[in-house]
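Asks: Each chain, letter by letter, is given below.
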Amino acid sequence: TQLLEQSPQFLSIQEGENLTVYCNSSSVFSSLQWYRQEPGEGPVLLVTVVTGGEVKKLKRLTFQFGDARKDSSLHITAAQPGDTGLYLCPPGNTPLVFGKGTRLSVIA
Amino acid sequence: NAGVTQTPKFRVLKTGQSMTLLCAQDMNHEYMYWYRQDPGMGLRLIHYSVGEGTTAKGEVPDGYNVSRLKKQNFLLGLESAAPSQTSVYFCASSLSLYGYTFGSGTRLTVV
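Chains as they are written, first to last, in the numbering used here: chain Z, 1 to 108; chain D, 1001 to 1111.
The shape of chain D in the complex, shown without the other chains (with noise of 0.2 Å):
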């Protein structure tokens, strides 16, 4: 069981640069989300997804897009990179009430 799949796992981008994260799940959930995750912050929500097709803000959308076009996939992007995107970001996905399942995060560096 592969669960929650998100790459890279690593990655340095020069400001201004862009890149996209992709998660992918096999558990055939319907919810997935995006947080990030900085010292002393917590996990903050970024955007998530109910549904194929659908997505929606979180706490933190700014400087962020997202596109759900499969189930399985949940796709966050950064257009174009500043210094404040360092963190790590996490992916999970859950069936609407039910506990979430996390994958084990990307570690994005913004120089």
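Bound conformation, chain Z alone (with noise of 0.2 Å):
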């Protein structure tokens, strides 16, 4: 089971703020994926990422896969409320193994 920790666990920011969260492990990933849960529903893919380097748009959303496949990170521009939810990055290995993600609150 490859693990991975995210980081940080909670993070409540301002409507138009800047944010990153990041998901590390010491193994290598041959993929990892990108999950949104918000709340009363059930997780969201929102991306995939395969190749060592890739970077990934998705509107405000930026998602960067390490080099080295051991790292992962999202960064979110201009934060708005609607992006609140617990994001998740599993690696892509069948069945998905979750952490306990990140919790993001936008305050407007």
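Treat the hints loosely; a few may be bogus.
Unchecked claim - Per label pair, the in silico range of CB-to-CB distance:
id : chain 1 : residue 1 : chain 2 : residue 2 : range
1  : Z       : K57       : D       : M1019     : 40 to 46 Å
2  : D       : T1005     : Z       : D67       : 39 to 45 Å
3  : D       : S1080     : Z       : T77       : 47 to 53 Å
4  : D       : M1019     : Z       : T77       : 25 to 31 Å
5  : Z       : A68       : D       : T1007     : 20 to 26 Å
6  : Z       : E17       : D       : G1051     : 23 to 29 Å
7  : Z       : A108      : D       : G1063     : 39 to 45 Å
8  : Z       : E38       : D       : T1007     : 17 to 23 Å
Don't read these hints as lab results, they were simulated from the structure. Here the structure is a predicted model, which means the values were calculated and not measured. Heads up, the beta-carbon is just placed ideally off N, CA and C, and yes, glycines get one too.
Using the hints, put the two chains back together into the complex; each one sits in its own frame.
Replies: Have a look at this one:
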């Protein structure tokens, strides 16, 4: 099982601020997925990163996979209340093993 | 597109009662999964299936049974519910290594 640490565990910011969430491990990942779970709902897949150094953008969200494929980050620009949720980054091996995630609260 | 549908959405059980949670997907996905989510614990895998007629144990399988008689359905059973099984249960499906599609969850309380 590939163990992964997410940081920070909790983050509360004002609308319009920028933030970065990190996923780190000592293991090499073949791929990694990012999910967002809004309160009362199931997680929703945001992106899958596969190649070391890969950068993917989804509107104001930028995902980066480390060159060595041991870490990943999610940067949100100008956060909005709709970004509030639990962000999860399980390594992409089926079945997925989820960590505790980063709980983000964006205050209007 | 319905995606993954879980029924029921809410349920209250008494200790010792049994129940079955139903998960249905209409995406022709081979893989299906049951997770439970508890405060401070994250999502934990209960059982999963890699195809019709197959099941496998996950991280926390005790007290649960599953069946995958049809490709589109994955049933999670609690034979004798315990308060420790109070949780939110999520079903998901996927095409092997591709991303998961989750249902909206079943909130179960065992009193």
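Asks: Holds or violated: 40 to 46 Å for the Cβ distance of K57/Z and M1019/D?
Replies: holds, 44 Å
Asks: Starting from the range 17 to 23 Å, see whether the pair E38/Z and T1007/D falls in it by beta-carbon distance.
Replies: Cβ of E38/Z to Cβ of T1007/D: about 21 Å, so the range 17 to 23 Å holds.
Asks: Please test the hint of 47 to 53 Å on the beta carbon pair from S1080/D and T77/Z.
Replies: Given range 47 to 53 Å: holds, Cβ gap about 50 Å.
Asks: Please check whether T1005/D and D67/Z have a Cβ separation lying inside 39 to 45 Å.
Replies: Cβ of T1005/D to Cβ of D67/Z: about 41 Å, so the range 39 to 45 Å holds.
Asks: Taking the CB of A68/Z and the CB of T1007/D, does the distance hold inside 20 to 26 Å?
Replies: Taking Cβ atoms as reference, A68/Z and T1007/D lie about 44 Å apart, which means the hint is violated.
Asks: For the range 39 to 45 Å, tell me whether the beta carbons of A108/Z and G1063/D fit it or not.
Replies: holds, 42 Å
Asks: Should the hint that E17/Z and G1051/D are 23 to 29 Å apart at their CB atoms be regarded as holding?
Replies: Cβ of E17/Z to Cβ of G1051/D: about 46 Å, so the range 23 to 29 Å is violated.
Asks: Okay, M1019/D versus T77/Z on CB: inside 25 to 31 Å?
Replies: Violated: the Cβ-Cβ distance is about 45 Å, outside 25 to 31 Å.
The structure does not agree with the numbered hints 4, 5 and 6 stated previously, though it agrees with the rest.
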